[in-house]
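Position chain L with the ligands against the provided structure of chain Y, taking the given hints into account.
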Amino acid sequence: MAEKKKKIIPKRIPMPNQSPGDRIRNFGEVALGYGREQAFAEAERCLQCKDPKCVAGCPVEVPIKDFIAKLQDQDIEGAYEVIKTTNSLPAVCGRVCPQEVQCEGQCIMGKKHQPVAIGRLERFVADEYMALSACDQITGKPECPLIDPDNKVACIGSGPSSLTCAGYLSSRGIKVSVFEALHEPGGVLVYGIPEFRLPKAIVRAEVEALKEQEVDIEVNMVGGKTIEVQDLFDQGYKAVFIGVGAGLPRFLGNEGENLIGVFSANEYLTRINLGRGYAFPEYDTPPFPGRNVAVIGGGNVAMDAARTALRLGADTVSIVYRRSQDEMPARKEELEHAIEEGVRLRCLCGPLAFIGDENGKLTGMRLQKMELGDPDDSGRCSPVCIEGAEEEIACDLAIMAVGTGPNRVMLEATPELGLNKWGYIVVNEETGETSIPNVFAGGDIVTGSATVISAMGAGRRAAKEIANRLLGTSD
Amino acid sequence: MPNTILHKAKLIPGQTSKLVIDAPLIAAKAKPGNFVILRVTDKGERIPLTIADVDAGAGTITIVYLVLGKTTALLEELDQGDDILDLCGPLGQPTHIEKCGTVICVGGGTGIAAMHHIAKGHHMAGNHVVAVIGARSKDLLLFHDELTAFCPEVLVSTDDGSFGHKGLVTEVLEDRLKSDDSVAEVVGIGPVPMMAAVAKTTKPFGVKTTVSLNSIMVDGIGMCGACRVTVGGEVKFACVDGPEFDGQQVDFMELRQRLASFRDQESISYEEYKKSHG
Ligand SMILES: Cc1cc2nc3c(=O)[nH]c(=O)nc-3n(C[C@H](O)[C@H](O)[C@H](O)COP(=O)(O)OP(=O)(O)OC[C@H]3O[C@@H](n4cnc5c(N)ncnc54)[C@H](O)[C@@H]3O)c2cc1C
Ligand SMILES: Cc1cc2nc3c(=O)[nH]c(=O)nc-3n(C[C@H](O)[C@H](O)[C@H](O)COP(=O)(O)OP(=O)(O)OC[C@H]3O[C@@H](n4cnc5c(N)ncnc54)[C@H](O)[C@@H]3O)c2cc1C
Ligand code: SF4
Ligand code: SF4
Ligand code: FES
Numbered sequence: 001m002a003e004k005k006k007k008i009i010p011k012r013i014p015m016p017n018q019s020p021g022d023r024i025r026n027f028g029e030v031a032l033g034y035g036r037e038q039a040f041a042e043a044e045r046c047l048q049c050k051d052p053k054c055v056a057g058c059p060v061e062v063p064i065k066d067f068i069a070k071l072q073d074q075d076i077e078g079a080y081e082v083i084k085t086t087n088s089l090p091a092v093c094g095r096v097c098p099q100e101v102q103c104e105g106q107c108i109m110g111k112k113h114q115p116v117a118i119g120r121l122e123r124f125v126a127d128e129y130m131a132l133s134a135c136d137q138i139t140g141k142p143e144c145p146l147i148d149p150d151n152k153v154a155c156i157g158s159g160p161s162s163l164t165c166a167g168y169l170s171s172r173g174i175k176v177s178v179f180e181a182l183h184e185p186g187g188v189l190v191y192g193i194p195e196f197r198l199p200k201a202i203v204r205a206e207v208e209a210l211k212e213q214e215v216d217i218e219v220n221m222v223g224g225k226t227i228e229v230q231d232l233f234d235q236g237y238k239a240v241f242i243g244v245g246a247g248l249p250r251f252l253g254n255e256g257e258n259l260i261g262v263f264s265a266n267e268y269l270t271r272i273n274l275g276r277g278y279a280f281p282e283y284d285t286p287p288f289p290g291r292n293v294a295v296i297g298g299g300n301v302a303m304d305a306a307r308t309a310l311r312l313g314a315d316t317v318s319i320v321y322r323r324s325q326d327e328m329p330a331r332k333e334e335l336e337h338a339i340e341e342g343v344r345l346r347c348l349c350g351p352l353a354f355i356g357d358e359n360g361k362l363t364g365m366r367l368q369k370m371e372l373g374d375p376d377d378s379g380r381c382s383p384v385c386i387e388g389a390e391e392e393i394a395c396d397l398a399i400m401a402v403g404t405g406p407n408r409v410m411l412e413a414t415p416e417l418g419l420n421k422w423g424y425i426v427v428n429e430e431t432g433e434t435s436i437p438n439v440f441a442g443g444d445i446v447t448g449s450a451t452v453i454s455a456m457g458a459g460r461r462a463a464k465e466i467a468n469r470l471l472g473t474s475d
Numbered sequence: 001m002p003n004t005i006l007h008k009a010k011l012i013p014g015q016t017s018k019l020v021i022d023a024p025l026i027a028a029k030a031k032p033g034n035f036v037i038l039r040v041t042d043k044g045e046r047i048p049l050t051i052a053d054v055d056a057g058a059g060t061i062t063i064v065y066l067v068l069g070k071t072t073a074l075l076e077e078l079d080q081g082d083d084i085l086d087l088c089g090p091l092g093q094p095t096h097i098e099k100c101g102t103v104i105c106v107g108g109g110t111g112i113a114a115m116h117h118i119a120k121g122h123h124m125a126g127n128h129v130v131a132v133i134g135a136r137s138k139d140l141l142l143f144h145d146e147l148t149a150f151c152p153e154v155l156v157s158t159d160d161g162s163f164g165h166k167g168l169v170t171e172v173l174e175d176r177l178k179s180d181d182s183v184a185e186v187v188g189i190g191p192v193p194m195m196a197a198v199a200k201t202t203k204p205f206g207v208k209t210t211v212s213l214n215s216i217m218v219d220g221i222g223m224c225g226a227c228r229v230t231v232g233g234e235v236k237f238a239c240v241d242g243p244e245f246d247g248q249q250v251d252f253m254e255l256r257q258r259l260a261s262f263r264d265q266e267s268i269s270y271e272e273y274k275k276s277h278g
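Sequence order for the protein chains is Y and L. Counted the way the numbering used here counts, the first sequence spans residues 1 to 475. Counted the way the numbering used here counts, the second sequence spans residues 1 to 278.
Chain Y extracted, bound-state conformation (with noise of 0.2 Å):
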């Protein structure tokens, strides 16, 4: 190439936040969103590479650069319909995928700079259609074909799994229903992200959209309870989607676990999302208030119950996790706000036991010291345990975010899905189908604790297959 004169590289635009002493009390969205300026300059900041690296981060393959091209004409819708063409929950990913490993993980610019803002790019975009007139909308949008109530595909779980599959099959025509155990459909993005990380009106306008298609949202339907796979199959489903996620909560199995007190963070989380527990006593769903928090575990789970407890005024949180703060597997943004917002972090310490007083109620927990050892089997330091190097701590709230398995009504009920020696299901890795033919599974109850988007991913690939055998196609 011919020698061009050195561009200048404009640093990557920042993140307007609310300030940590703000946000610690309220329950109102941590980062705030670009505005158009700071959007269109960011949007720069992409160089429309010939051979995109990014696309190749994104569990669904984004069009990144071509929708970033849409942005630096100023074309914000035309940008949303882009993204729209492989993802239908995009103000959901811009918010919560971990862009550090995916996306902007591979982007160019990244190699030398800082990578292109892609999942803030994103979230501004949704956001900015989303705030168009309804009216807006309707005309702007691409035409729904004709949806065929005979051709019709059950999705269990309202997840992203479920509802990306639903809303790549009604866009081709076919009658989706889907069916959600909890009175809220949304999975973990209702349940357990909490509000002010993605509120929850996101959420319900994304599935307001698919309703839009004409996809039916039941709720307080369980599937292999409520209603069985073959139950559908008689009702004349002629596929049937599971998405019913991974939220079984593990506990350690250390003395004292069930004391008033400890809880799963799914609980902790559960009462303040879908239970509104951060208004009560407006709402019913009482949260459980504690004054010294220890959080136990070092993923988003924990990170998104250090910060509400803290929101909820705790005195103290502290995240007690067995490696050290570098291998964490939150992401990064949120581990940073925590420790904004004045999350403690006690690295290399597990608990050994709960303890607790005569009424039964936690009033402290005994950790066990740890180093770091050999790598294990996921690359990180094992955690190794320091002979003798015990420590007490007290605390009245305990929120064990260890990790979780899979849901299991839905599998009880379902002996025939072939499953893994961890209890998931089994799929074929090119369909998403199970071991039972024309019911597919995707998202957590497949791979275990995953990510929004790869869930999404998942729902993607089995609506594909899905399409092309019932529209005779071959997408």
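These are calculated hints, taken from the structure and not from any lab test. Note that beta-carbon positions come from the ideal geometry of N, C-alpha and C, so glycine has one too. Certain hints may be false.
As the list claims (entries may be wrong) - Ranges of calculated distance between the beta carbons of each label pair, as one might list FRET restraints:
1. I355(Y) - K31(L): 38 to 46 Å
2. I9(Y) - D264(L): 55 to 63 Å
3. Q230(Y) - F150(L): 31 to 39 Å
4. Q15(L) - S19(Y): 46 to 54 Å
5. S19(Y) - Y273(L): 32 to 40 Å
6. G313(Y) - F205(L): 45 to 53 Å
7. E392(Y) - Q80(L): 34 to 42 Å
8. R250(Y) - L6(L): 36 to 44 Å
9. G28(Y) - R263(L): 29 to 37 Å
10. N26(Y) - D42(L): 20 to 28 Å
11. R250(Y) - G57(L): 49 to 57 Å
12. K31(L) - R366(Y): 40 to 48 Å
13. L78(L) - Q114(Y): 53 to 61 Å
14. R344(Y) - D264(L): 21 to 29 Å
Below, chain L with the ligands without anything else, positioned relative to chain Y:
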């Protein structure tokens, strides 16, 4: 799903009511021992209630509840023709029922209603069902007529002696066990102290004892662990592993303590409710 209340009977005015609800999908699948989780308002809490009866033909289920706090008070405000906002089920493992001979079903308080469905199941399976029911006094006794309709024996105790034996259900149970060594199983449903006492009573007789645990629940499908109980030294989730367990193995003390987890907030809720509802 409308979940319309087709019939409401105030069994003990202001305290306990029975609702017959139009819920064909649940009715088609419900078995003795199952429960539902319901929500009354869009700001409300999810609470579990046992399915006390089912009419699959009519597509209805029956629930019976004791007004204890805000959610049950809100439920009590509903009337015939009203809809229940959210109703989810049938949840939990159904009662293990097989033909085994004589089964004594012990019920206390509102637990009698829950026990009724199980007793019916045992009766349908061809077992000789002895119902033992108790209340503080005669007018607080539930489901006496319903049980009499199919149980060959209905034994009653009241605290004040206004009906049947004066004293506790466990005394009646013990007498019955002493005089009859053919009893294959005892089922006990009621307040935690009563179930603990039933298990203690049956222990010397070595008879299989089943209790139904009413731990606090949130989702009811095994995703939160709120309902965890210790049974035989192992942690179980009452909503998916139970709610019925071997009474000899249950840690009743822990269950009682855990039921108090949210007592302060529950009284805040109820007090505010009572203030705003006169
Ligand atoms: C607190 C928390 C924070 C997280 N943060 C992030 C993050 O920042 N970024 C990220 O990428 N990922 C994050 N994750 C992980 C991510 O949310 C999950 O990987 C993703 O939601 C999985 O989607 P899914 O469709 O497989 O199932 P889920 O979202 O788990 O949804 C499953 C749904 O199925 C329903 N269900 C279960 N059983 C039945 C049944 N028998 N019948 C009917 N319905 C049933 C459940 O109620 C639920 O609504 C987080 C997870 C948690 C818990
Ligand atoms: C599987 C199962 C089946 C049940 N079946 C029935 C039934 O058929 N009829 C019925 O009346 N009740 C039943 N219960 C109990 C019922 O769920 C509670 O009474 C109800 O949640 C109270 O809600 P509330 O908001 O009115 O009162 P809250 O304000 O929640 O509680 C008021 C008082 O009741 C106590 N309490 C809270 N939860 C429970 C509980 N789960 N069990 C006992 N006491 C509790 C509290 O400690 C408090 O003192 C069942 C519980 C379970 C787990
Ligand atoms: S969906 Fe997620 S991984 Fe894909 S481009 Fe958007 S933010 Fe990146
Ligand atoms: S790799 Fe980075 S710079 Fe290249 S097209 Fe993708 S986002 Fe733009
Ligand atoms: S109620 Fe949540 S696991 Fe049982």
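For this session: Against the earlier hints, flag every one the structure doesn't satisfy and list their numbers going up.
Result: Structure breaks hints 7, 11.
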